[in-house]
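Trainee: Now for the letters of each chain:
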Amino acid sequence: MIPGTFFKRALRDLKQNLFTHLMTTGVVAFSCLLFVIFGLFSFNLQQFVEKFGRELAVVVYLKKDVSQEKIPSLYKRINALDGVESVEFISSEDAYRELQAFLKDEKEILEGVDPLFLPPSFQVEINRAVFNIDKVKKIAEIMSQWPEVAKVQYGQEWVDRLEAISQVTRNIVIIAGVLLLLTATFVVSNTIKLTVYARQEEIEIMRLVGATNGFIQGPFLIEAFFQGFIGASFAILVSWLLYRYLAESVSATPLLKDMDLHFLPMEYVGGVLAVSTLFCVLGTYIALRRFLKS
Amino acid sequence: MISIEQPIIQMQGVEKVYGGYSPALKGVDLEISKGEFVFLTGPSGSGKSTLLKLLFCAERPTGGSIVVDDMDLSTLSGSQIPYLRRKVGVIFQDFKLLPNYTVFDNVALSLEVLGLTRKQVEKRVTAIIESVGLLEKINRLAVQLSGGEQQRVAIARAVVNRPPIILADEPTGNLDRARTTEVVELMNELNARGTTIIFATHDETLFTNTHRRVLTLREGILERDQKG
Ligand SMILES: Nc1ncnc2c1ncn2[C@@H]1O[C@H](COP(=O)(O)OP(=O)(O)OP(=O)(O)O)[C@@H](O)[C@H]1O
Ligand SMILES: [Mg+2]
Numbered sequence: 001m002i003p004g005t006f007f008k009r010a011l012r013d014l015k016q017n018l019f020t021h022l023m024t025t026g027v028v029a030f031s032c033l034l035f036v037i038f039g040l041f042s043f044n045l046q047q048f049v050e051k052f053g054r055e056l057a058v059v060v061y062l063k064k065d066v067s068q069e070k071i072p073s074l075y076k077r078i079n080a081l082d083g084v085e086s087v088e089f090i091s092s093e094d095a096y097r098e099l100q101a102f103l104k105d106e107k108e109i110l111e112g113v114d115p116l117f118l119p120p121s122f123q124v125e126i127n128r129a130v131f132n133i134d135k136v137k138k139i140a141e142i143m144s145q146w147p148e149v150a151k152v153q154y155g156q157e158w159v160d161r162l163e164a165i166s167q168v169t170r171n172i173v174i175i176a177g178v179l180l181l182l183t184a185t186f187v188v189s190n191t192i193k194l195t196v197y198a199r200q201e202e203i204e205i206m207r208l209v210g211a212t213n214g215f216i217q218g219p220f221l222i223e224a225f226f227q228g229f230i231g232a233s234f235a236i237l238v239s240w241l242l243y244r245y246l247a248e249s250v251s252a253t254p255l256l257k258d259m260d261l262h263f264l265p266m267e268y269v270g271g272v273l274a275v276s277t278l279f280c281v282l283g284t285y286i287a288l289r290r291f292l293k294s
Numbered sequence: 001m002i003s004i005e006q007p008i009i010q011m012q013g014v015e016k017v018y019g020g021y022s023p024a025l026k027g028v029d030l031e032i033s034k035g036e037f038v039f040l041t042g043p044s045g046s047g048k049s050t051l052l053k054l055l056f057c058a059e060r061p062t063g064g065s066i067v068v069d070d071m072d073l074s075t076l077s078g079s080q081i082p083y084l085r086r087k088v089g090v091i092f093q094d095f096k097l098l099p100n101y102t103v104f105d106n107v108a109l110s111l112e113v114l115g116l117t118r119k120q121v122e123k124r125v126t127a128i129i130e131s132v133g134l135l136e137k138i139n140r141l142a143v144q145l146s147g148g149e150q151q152r153v154a155i156a157r158a159v160v161n162r163p164p165i166i167l168a169d170e171p172t173g174n175l176d177r178a179r180t181t182e183v184v185e186l187m188n189e190l191n192a193r194g195t196t197i198i199f200a201t202h203d204e205t206l207f208t209n210t211h212r213r214v215l216t217l218r219e220g221i222l223e224r225d226q227k228g
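These protein sequence lines are chains A and B, in that order.
Here this note's numbering is used: position 43 in the first sequence is 43, and no number is missing along the way.
Here this note's numbering is used: position 136 in the second sequence is 136, and no number is missing along the way.
Next up, chain B with everything else stripped away, as it sits in the complex (with noise of 0.2 Å):
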């Protein structure tokens, strides 16, 4: 057990305004340590998406600082985000994955951009796939998926490389109860294992009864923060 609590994430004062509406996240202060697992909740536009977005550098902050795995984001160049990314797997809210490519070829993708031999990206990619259940649709092309299988192959490529963080972007929102609760159970494994996890989430029923920490974000305001 680690006793003396690392932060992994560090943000102070983030303001986020999108050119000329109204700011989507408003003095954001907050500290996750390494190997915690946070739901982040809160309505529809609160600034859960833009939160994440921040932290892999996919929309920069107009205010405040962000720290994440001793990497200051505010001062982070161009030719540095590349590796800040192999550190965060993220699942996005739309998958974005490559319609025309297999699902191999999409999730291989995370493991080729760190110049992986072929048999390691081969031997990883296979059994990740297997892990979300796909592994007879290997070969299919993403666009002729379902959408609840496109997310676990967003799910799989955010995970193969098994970076440090993941930011999960409501990564149960097209699944069943059955595949929810394998995602999350696959979420737990990670965690178990160290990775630390941020679980944006409009389902509540993913954390009331667990004893996780939860983020509820409301107009862009960090609004409630309950310790697990």
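In isolation and in its complexed conformation, chain A is listed as follows (with noise of 0.2 Å):
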């Protein structure tokens, strides 16, 4: 087979049906662009929620009566638990005098308490590479065993609430995108069958004149390709295109500048592109192969 004759025929057939194909590609693009947009949302949610579970510091508070002593096998304790970045601890002291920091000039209203009423804490900070909610649970979990640990306080109910939240929007958005997926499979698989109808008699004058099914095939494949791989690039096109928007709409905003939005990672972006293109060539290739048969 000679690929030259492919192209020129696939190009002379997407002259002679552009409109079928511009809707093929459209419907195809349609269905990559709500793919991707789910995504997008979903993405940025869970990267909220894991940037802000890094920010979260956990705070262990010690029993009153723990003596000075231990305070450095604690810390060497706390130190050696897998995950755990720095430690820092705080005296009674030190968190009075912070206390006294913070409330500035309302600071007579600690006159006359002790300075040691606050519980001695440690500081600790997760490992960013190795961060996870599970882990900052477990690590939670060991150190509020220990007889010395009075309570460890990392937010905990923040983290479940958004962690629910995120998980939710992700089912949602793989339901919708199995839904999706469905949808397009059908619509496609018409859009295809259409295109095959249409053209049934040049199929029927080229298999009387010798062709295989082989050389049928080519031209309608390689249209495919093109149809998956325009539409998805078109769909990311536009979704970039609008998450730039958003994204600069979001850092002029003031209460929202920290926020700072993510564009999806190469791999989902290669993997719509990789999905979107072989799902139209196989589904024109099941589509010819049943025209083929009879």
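Please keep in mind that the hints were generated in silico from the structure rather than gathered at the bench.
Errors might be hidden in some of the hints.
To be verified - Covered by chain A, per the in silico footprint, the following chain B stretches (three or more residues, Cβ under 8 Å):
| hint | segment |
| --- | --- |
| 1 | 73-83 |
| 2 | 86-100 |
| 3 | 105-113 |
As the list claims (entries may be wrong) - Chain A residues, not near chain B, derived (Cβ > 10 Å throughout):
| hint | residue |
| --- | --- |
| 4 | Gln68 |
| 5 | Gly83 |
| 6 | Asp94 |
| 7 | Tyr285 |
No residue lacks a Cβ here, since even glycine has one placed at the ideal position from N, Cα and C.
Relying on the hints, combine the two individually framed chains into one complex.
Mentor: This is how it looks when you write it as structure tokens:
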């Protein structure tokens, strides 16, 4: 087979059936666009939750009766835990001073209060590279079982709540994605069938003059490849422009300034391109296969 | 000259029934040698087109056996059909041209399926279109041609890949006397170069004064086989 003839035929066909091809590409682009936008939303939410979680420090409050001599060994034990980046000891006096500084002009409130009324604590920072919520939970759990520890705090309600939201949206995205994929399969395979039917006569005549199935399929598959690829590229371009627009609006809004948006990672973009292309080529192949058998 | 006649087409007890109707062909026994020029005649509906269709697997027989150039059509798999069709050039009664392809592209199709290069295709297609007198219309769309012109494009497409067998189904049906003579001349020429030809026609004047073999069908039965 000569690829040149295939491309020439594909091109000629593209010109003759421009509308059908534009329609198929449009359907592909639309499906991909919805999928990418859902993905963008879910991905950013996940990023946000992770960033938020990362900025939370784990605070370990000690019982008041813990003697000073035990502090260095506790320090070492915490530091030795898997995933701990750094540990800082905050004595009762340090905590009192911090409180004073925080209260500034109103520090009279603290008058007559025992400077040791606050419990000593460790401020634990988790290694960012290994950060995940489950790990933090595990570390917190281990430490809370030590007899010297009164309480471990890491803003778990917030983390749990955000986690739950992120989980739900991720599930919605997955379900929506599957539904979308099914609808897209239906629509795209029907558009492909229409294209094939529209060219029934042409296929029939090619067969009569001795064309093999491969020869007939070639241009169709080339067209499908470009439909899938161009459709997905278009969707990615549009969603990228949308992302740029949103990112600019967000950074221009003082309240949301810290919430930096991310575009989808390259693997996701590549995945959408690959799946879309593969999908169109495979769909066309199956539609033709059925057609050529009869 | 070939002294031992090698059969290129063999039919034995061939029967064709189109679902539910009375048979279009009944018990046809036929042998055609390599290089023969055979006319196939008979009234409308007698089964001429059906017989030709069986020879390039456009239809499958409901009984009997057919061998074409050593290919047993009763056991021929779907994937082998294209290779049979490359050996059999067919001029269809209804032309079967692609209306939105140019004259050139219609004819070129026969060669493109063989995987020939662009250059080879161009040279051979141009030559054959010139020989059927359509060179000045080579870039016209098939739909823009008259019936007779379309018929000549159909002929060009059937012969351009120089198949060993040509099946012509009423190839002169839409042509005037002069054009008819030209087509018959073209067939004679091809036959002189060794091509086996089956020429289906109503027009008795085409074979009455030749010494060609004439097969006559009537209601699906091979009624007469007049050796030339
Ligand atoms: N696809 C088909 N389905 C059902 N019956 C068919 C089909 N094709 C042909 N026939 C029938 O088979 C018989 C033979 O038809 P065929 O086309 O072979 O005749 P023919 O000799 O070529 O006629 P003509 O000279 O008019 O072209 C006719 O009775 C026709 O009605
Ligand atoms: Mg007929």
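Trainee: Does the structure break any of the earlier hints, and which numbers would those be?
Mentor: Structure breaks no hint.
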